[in-house]
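Colleague: Read top to bottom, the protein sequences are chains A and B. For what it's worth, numbering that gives the first Met the number 0 labels the leading residue of the first sequence as 0, then goes sequentially. For what it's worth, numbering that gives the first Met the number 0 labels the leading residue of the second sequence as 0, then goes sequentially.
Wrong hints could be hidden among the right ones.
One copy or two, either will do: identical chains are not told apart, so a pair holds if it fits within one copy or between any two.
Heads up, simulated DSSO-like pairs for lysine-lysine below, C-alpha to C-alpha not over 27 Å straight-line [claimed, not checked]:
1) LYS276 x LYS102
2) LYS102 x LYS46
3) LYS102 x LYS43
4) LYS116 x LYS276
5) LYS102 x LYS281
6) LYS281 x LYS12
7) LYS78 x LYS281
8) LYS200 x LYS102
9) LYS309 x LYS44
10) LYS12 x LYS257
11) LYS78 x LYS46
12) LYS276 x LYS78
13) LYS43 x LYS78
14) LYS281 x LYS44
15) LYS305 x LYS116
16) LYS116 x LYS142
Worth flagging that the hints you see were computed from the coordinates, not collected in a lab.
2 protein chains.
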Amino acid sequence: MRYTGLIERYQSKLPVTDATRPISLGEGNTPLIQLQNIATMLGKKHKIYIKYEGLNPTGSFKDRGMTMAVTKAVESGSKAIICASTGNTSASAAAYAARAGIKAFVVIPEGKIALGKLAQAMIHGAVIIQIKGNFDDGMRLVKEVAEHAPVSIVNSINPFRLQGQKTAAFEIIEELGNAPDYHYLPVGNAGNISAHWMGYKEYHSDGKSNHTPKMVGYQAAGSAPFVIGSMVDNPETIATAIRIGHPQSWDLAQKVIKESNGWFDARTDAQILTTQKLLTEKEGIFCEPASSVSLSGAIADIKTGKIPQKSTIVCTLTGHGLKDPDTAISQCTDAIININPTIDEVRDAILNNM
Amino acid sequence: MRYTGLIERYQSKLPVTDATRPISLGEGNTPLIQLQNIATMLGKKHKIYIKYEGLNPTGSFKDRGMTMAVTKAVESGSKAIICASTGNTSASAAAYAARAGIKAFVVIPEGKIALGKLAQAMIHGAVIIQIKGNFDDGMRLVKEVAEHAPVSIVNSINPFRLQGQKTAAFEIIEELGNAPDYHYLPVGNAGNISAHWMGYKEYHSDGKSNHTPKMVGYQAAGSAPFVIGSMVDNPETIATAIRIGHPQSWDLAQKVIKESNGWFDARTDAQILTTQKLLTEKEGIFCEPASSVSLSGAIADIKTGKIPQKSTIVCTLTGHGLKDPDTAISQCTDAIININPTIDEVRDAILNNM
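Go ahead and model the full structure; you've got the sequences and the hints to work with.
Modeller: As structure tokens, this is what we get:
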């Protein structure tokens, strides 16, 4: 049977009715890939799985929340959506608005945004509104304008976003036949870790798993409010997707860690990039820098002995590497080999590099 | 149950045994998305589906063939693979070699390749061998070197590639409950249309469909040997993934068209780009330029009345738009709107652009 997206798949667990018309691009249903070479390097004492969310339609996990947010916006009669994000959220919002046949508006601060970051939003026909102000001004305006214009906000304050995102936990339980022992996630706004916990708790109540996982949230060291215990005014990290100093889901995420017996911790930019390279070169999996912080944290915790042997660990990779190839290429230090087009030189180039 | 890639899924239909160790990244299982807004524009007289192959792990359909080619290379004892491609094939080869823990060599002609095209291959740790010669020299050397060095060729002359690619037809029959009436594909080397036809015929023999589709191959007008009826020495098109003048699978593909009662035709670069833009703006689906030639052809054939009403049509999109965002961005003509950060100006920007 044709897979038609997560709203139809999980209708009974989502705030929709039979009358709801899902706006879907076939999001969700992403592969859960067991690590092999990295697991061997770590002594094969754990089962480590990657939930590869970069294989959602626009290349990031944001599509899970956006299918819900846009479906509900259309259901309530909205002819337009708006958000203040400049990265993966705006790409997803623009694509789902296109699919729904409604308008998407993206508010950005003047001069602060690389055009490349907005590429997907522009390509999907979103209207880009650039303001003479900073990102906080943008967010404030987006919140206010919904009272003055017929637009629905699809930033993470939209409650339907987390409802869609919780389905990743459903999939993992179905794939493993149970919840994992540990679930590692990159943490920026902290919505995704909260959504996963909601999903794990719901399926546990339904008897689909016999336990819930410890939730572990990893941040970038230069942008780690949950690790520090207070907001960060000038977050800095190469992992732009989690460069957030004032997380929207602060209280929710604190509760997740407490309830699940998990923890927050951080990795440096150098450690994040090392793990990204390890994943691409040893497992063939290419992700955004921010994504690799989850596995980077898991590897660190395995090495210190914090994770008991034989544990099952899931690490979420939030976005595909093709979202930000430049950072990855800058990590490639191997030179291109230049030779003459003779069989001897090609053979030597191969044999010298086996 | 966890989806572990197409070799385990279709083991009984592929040249593997229980002893085969699949090298997989969770490829296949891509969404089949029904067009809505474009179908409405065309009068809703047909059911048009998109097989979104850009949601394979490295962003293109090549992963279906590469999982087979690398699995069989490892099974035969190879410690390295080699190919002469510079685009999606090299990206896929490098990723699966990384997953297998073997070496990948990519042979490229000097000075003819934009570095960005090789980004994925480099990131996954492939060894890039640049020769003082052209692409034909590279292909000849790759073929010869396999006799002189312990490497397996994974170019499209590798017969296992088509075996893996045929599984897309299996998925479509399972998704629709039958074969479509028409299947449109972009045609470059012509391996993929041949592989699909193999898959459709096998499932038809197995009783899983009650008919086979007409296979329709579309080329770019500047690179259309099948339409012209002879090889093209200097193919030119913006759709680089199908810029091939001397297709490897010439005889196979001619037979497909004859057996299936299908046809070859071509679209201009302008028409290809128009369809790419239509898909992104009206359906939220972003693909490479070469991918959109399949839908572009289907739309043209619907408009001329060549396709009977109520037909079911599948169009394959071979690669994700994130593979080549620059071409798409250059099509975006809408300006960014610059305003002051006041609620009145934001509201006006929205209302003026609804």
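Colleague: Indicate, hint by hint, whether the structure satisfies it.
Modeller: Going through the hints against the structure:
no., hint, result
1, LYS276 x LYS102, "between (38 Å within a copy, 16 Å between copies)"
2, LYS102 x LYS46, "between (44 Å within a copy, 25 Å between copies)"
3, LYS102 x LYS43, "between (50 Å within a copy, 23 Å between copies)"
4, LYS116 x LYS276, "both (22 Å within a copy, 19 Å between copies)"
5, LYS102 x LYS281, "between (42 Å within a copy, 11 Å between copies)"
6, LYS281 x LYS12, "neither (37 Å within a copy, 29 Å between copies)"
7, LYS78 x LYS281, "between (46 Å within a copy, 15 Å between copies)"
8, LYS200 x LYS102, "neither (35 Å within a copy, 43 Å between copies)"
9, LYS309 x LYS44, "within (6 Å within a copy, 56 Å between copies)"
10, LYS12 x LYS257, "within (24 Å within a copy, 49 Å between copies)"
11, LYS78 x LYS46, "between (46 Å within a copy, 26 Å between copies)"
12, LYS276 x LYS78, "between (43 Å within a copy, 21 Å between copies)"
13, LYS43 x LYS78, "between (52 Å within a copy, 22 Å between copies)"
14, LYS281 x LYS44, "within (18 Å within a copy, 49 Å between copies)"
15, LYS305 x LYS116, "neither (37 Å within a copy, 41 Å between copies)"
16, LYS116 x LYS142, "within (22 Å within a copy, 41 Å between copies)"
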